[in-house]
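Protein chains in written order, with our numbering: chain A, 1 to 197; chain B, 1001 to 1122.
No wet-lab data here; the hints were simulated from the structure.
Errors might be hidden in some of the hints.
[What the hints assert, rightly or not] Here are the computed lysine-lysine pairs in the DSS-like style, where the Cα-Cα straight-line distance is at most 27 Å:
#, chain 1, residue 1, chain 2, residue 2
1, B, K1010, A, K176
2, B, K1030, B, K1121
3, A, K150, B, K1003
4, B, K1010, A, K150
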Amino acid sequence: MRELSLHILDIVENGVAAGADCIRITVDEARRDDRITITITDNGRGIPAEKIDRLTDPFITLRPTRRVGLGLPLLSAAAQRCDGALDVSSKAGDGTRVQAVFRYSHIDRAPMGDMAATITTLIMGNPGIDFVYRHIIDGREFTLDTRGLKEELGENGLQDALLIHHLAHNIRGRLKQLTTKIGESEAREKNHGKTDD
Amino acid sequence: MGKLTIDDLKKIKEKTTRDTFLRDGQATVKVTVHMGTCGIAAGAREVMSTLLEEMAEADHQDILVFTAGCLGKCSSEPNVTVEIMDGEPIVYQHMDADKMRQVFKHHVLLGEVQTDFALAKM
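Next comes chain A alone, as it looks inside the complex (with noise of 0.2 Å):
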């Protein structure tokens, strides 16, 4: 996949399939320590014990309508690829835990891309689950939790275009804060809106 983002969005959907309610997705860049740790977890049915093994074998899927399944096998590989690796745990209905870790300055790490269209496009094509994304960047930590927001908005309060259109620009804003260094942004008023001095 071109992005990050991209499977991240793509192991969520094994979660909905899996008939989870809530999907937690954590993004921590530790710049600091060279590493992305990505970290998806549902409380779906699970992965039967004598699958688990065998998960980024192409061949071993769960879905009854086609014998073949790339998604964790894709992102396996591309964590295999930037020094990284792919962990999963599940228990048979107990829902699955998938954990991916990325060397952060890989030249073949993939960039994290859109995130805001990732949880936006899950928000609105899944109106029965809730989804808690945290995005940390070295300790700065952003989260939206899709349970508090639909207690204020309603059940469906969410599936408003308009209403995430404006939550998408709200993401991508609070990610870009969390990128720009403390105190960068002062720095750039006082060059008169340029970054490099």
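Model the placement of chain B on the given structure of chain A, informed by the hints.
For chain B alone, coordinates are given in the frame of chain A:
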């Protein structure tokens, strides 16, 4: 940087100046963007983003959007299914942002099937 708070959301909601509860039970068009691994790799998220943009622009409360898994015809992804109430669902193939805009403006809003990109009736 903290959480997206309820206050933020209220501000967003004020901007939208519409009642999001209106739509309950009134949907007449259902649009499904197929989001299997194949669809996502082929650009389904961009198609979805374009669809949401068009919906935000058009002032319609009667359109429901869903994502679904792979249709089983990965070579024709991204696929989008448009289903107008009491009509046959139409599956579109090889969708991109521009085709999505055309399908939205002509099929979703006006009911004209865009046979150029249609894959099948279901």
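Here is what the structure says about each hint:
1. B/K1010 with A/K176: 21 Å, holds
2. B/K1030 with B/K1121: 15 Å, holds
3. A/K150 with B/K1003: 15 Å, holds
4. B/K1010 with A/K150: Distance ~12 Å between B/K1010 and A/K150 Cα, so the pair holds.
Violated hints for the displayed structure: none, as all numbered hints are satisfied.
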